[in-house]
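In order, the protein sequences belong to chains R and S.
Quick note on this note's numbering: the first sequence kicks off at 517 and runs consecutively.
Quick note on this note's numbering: the second sequence kicks off at 5 and runs consecutively.
Honestly, I wouldn't trust all of these hints.
[Said to hold, decoys possible] Distance condition first, Cα-Cα at most 35 Å in a straight line; then the derived DSBU-like pairs of lysine-lysine:
{"hint": "1", "chain 1": "R", "residue 1": "Lys669", "chain 2": "R", "residue 2": "Lys701"}
{"hint": "2", "chain 1": "R", "residue 1": "Lys912", "chain 2": "S", "residue 2": "Lys125"}
{"hint": "3", "chain 1": "S", "residue 1": "Lys125", "chain 2": "R", "residue 2": "Lys534"}
{"hint": "4", "chain 1": "R", "residue 1": "Lys732", "chain 2": "R", "residue 2": "Lys669"}
{"hint": "5", "chain 1": "S", "residue 1": "Lys195", "chain 2": "S", "residue 2": "Lys227"}
{"hint": "6", "chain 1": "R", "residue 1": "Lys709", "chain 2": "R", "residue 2": "Lys732"}
{"hint": "7", "chain 1": "R", "residue 1": "Lys912", "chain 2": "S", "residue 2": "Lys195"}
{"hint": "8", "chain 1": "R", "residue 1": "Lys732", "chain 2": "R", "residue 2": "Lys701"}
{"hint": "9", "chain 1": "R", "residue 1": "Lys600", "chain 2": "R", "residue 2": "Lys669"}
Hints in this document: simulated from the structure, not taken from any laboratory.
All of these numbers come straight from a predicted model, not from anything done at the bench.
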Amino acid sequence: MSFFMIFRVALRALGRNKMRTALTMLGMIIGVGAVIIVVAIGRGAEEQITASVQAGGTNLITISAGNWNRGGVSHGMGSSPRLKAVDVEAIRQQVPGAQYLTASVNTRDQVIAAGENWQTRIEGTDVELPLIRFWDVELGTFFTSTDVSSAAKVAVLGSVVRDNLFGEGSDPVGQTIRVRNQSFKIIGVMTAKGSGSFGQDQDDTLFAPYTTVQRKLRGRDGTNISRIMVSARSADEIAGTTAQIEEVLRAQHGLIQGEENDFMVRTQDEMMSMLTSTTGTMTTLIIGIAVVSLIVGGIGIMNIMLVSVTERTREIGLRMAVGAKGQDVLWQFLVEAGALSLVGGLIGVGMGFAVSQALERSPLAWPTSVPPEWVGIAVGFSGLIGLVFGFYPAWKGAQLDPIESLRFE
Amino acid sequence: MASSISVQDLTKVYDLGEIQVRALRGVTVDIAAGEFVAVIGPSGSGKSTFMHILGCLDRPTQGRYLLDGHDVSTLSRNALADVRNKKIGFVFQGFNLLSRTTALDNVELPLLYNGNGMRGKERRRRAHDALNGVGLSDRAGHHPNQLSGGQQQRVAIARALINQPSILLADEPTGNLDSRTSVEVMGIFQKLNTERGITVLLITHEREIAEYGTRIITFRDGKIVSDKPNTVRRMAADEFAALPLDTDSDADSSVPAASTSVGALDLDLDLT
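My request is simple: use the sequences and hints to build the entire structure.
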């Protein structure tokens, strides 16, 4: 019997008992649907994280001040005062893979405008920041290297700071604000960027030359910086560049062999994998549950197929009497089971798609993304389950004796 | 086309664990091609076992079975399935049609297993011809539960003939039919036997039905106790013509009697 014929016979048999067919498929539909939904949510979250991390700049390498151990007292990460602006220059000159660099010094302070005040993050940075973070000014200009070298009291506002001090959408360029009783001239406003990778509002920031922040706002620890941001020329160069930076900084800081780094180098990939590891764990867990439900669905198929073989004993006997071989009967029931679970799987994929779409459009607004390879895996796996769990009933049918089957009541 | 059956010392023992049932105790018989043999005997006489072995549904415990000169008593399950498909047509007491399956699809069934990859169109044409041959071409799309007993048995006969077998094995084919329909079915068998030369083996426990055959073999306790030519043969065609056209015995009142009789007795035997 040709494969096409076997398929037709199997589908016809399934069509004869529609209610039972539908109920049997339900196990596969729910299992596959669950896999698709979970993967879609997980992948959607991952894509969102990736996008937000990349919005912070691509091929980014961040060097942070490390632990500072003084007289046996560890001051914790970021406490080391040994990261200096000269380190930035050393990297710029000695590491060819580093395309853009900026020193970064942060603080928080109250910012006062004419009638309003607002506490915000003040980021002291350098002129290449817009290039590293793909972030332009909306109004006015960013500060120049002259501003940096002269520690000019100029400020570029994030859009949230502007909205709170001067009103939404206003143009405050040219006006002054006061921080720690010093006047800063507003020279620009950044475009709105939204939340950063750790959920903080990136637009709630005030940018000023790092030298200004060091000398005018932090005073106490004059020359040290908290971070250096570097963007590598290309993704391929990240690893090499990272290693070179580490070497240069160790030499700069006079660290001897075996001594621990007093700084920390992190790449964007590490940050991304750190951020996505939670989603990954959840996805693995729920896929485990989905696989269990698929296996339960398979057992349901096996159960129904066993009932079906018993119920159709006379049919099997008759088919054998008119010339069906054991293998013909085996294939008939195997294809029936396979078709059951495969069609169930396809419906499950459709359902998974629909639910993911609904989640995305619902008030929850969960980002979802159904990866095509998972559609393939889910459908293939469901077909496989049908064949595996359908084999035993089909084999049982194939072993029947034609005479006894014909007499079966 | 013609077929001959030769069995020698056929023995069948069913091993039921504690006890052994000797269903056949040494049966030797030759049946020439084109004979119409009625096998008669009470239940438990071994006639069903005999038919199962002749129908290649079962293998003898001992003895030889030559079908057209070939020993089929030692063939594998698969090889026996092929023999059944190509050489033997079965007609059962309970019709054994697939429910919720049209008459046409039922008739087509053996073609699915004949291994020569016939196209669907050709299969359907042949099934139509076979249904036409038993006068049911207008019932092709009906399911068994929409057909009368006689019509169902005619569908079963069409199915038995679809692969052009040389032997027709009928196991109590009239057991579930009323007398008028029985005559009709026996008429079909006699016609197939005389016009196409198909060897017919009819198993029955009714003497009157056995009398349609040319030879009557009687079984008792797993042995043949008598084997003689039938001298008082009944001819279904004559009897049918003598029957009144009144069809209240036919369960299916929707079929006019005339068309039934035409169907049954004007067999289109040009199935090639």
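Hint by hint, here is what the structure shows:
1. Lys669(R) x Lys701(R): Status holds; Cα separation ~6 Å.
2. Lys912(R) x Lys125(S): Answer holds: lysine 912(R) to lysine 125(S) is near 33 Å, not above 35 Å.
3. Lys125(S) x Lys534(R): 27 Å, holds
4. Lys732(R) x Lys669(R): 9 Å, holds
5. Lys195(S) x Lys227(S): Holds, at roughly 30 Å.
6. Lys709(R) x Lys732(R): 28 Å, holds
7. Lys912(R) x Lys195(S): Given that 35 Å is the threshold and the Cα spacing comes to 41 Å, the pair is violated.
8. Lys732(R) x Lys701(R): With a Cα-Cα distance of about 14 Å, the restraint between lysine 732(R) and lysine 701(R) holds, given a limit of 35 Å.
9. Lys600(R) x Lys669(R): 21 Å, holds
Violated hint: 7 only; the structure is consistent with all others.
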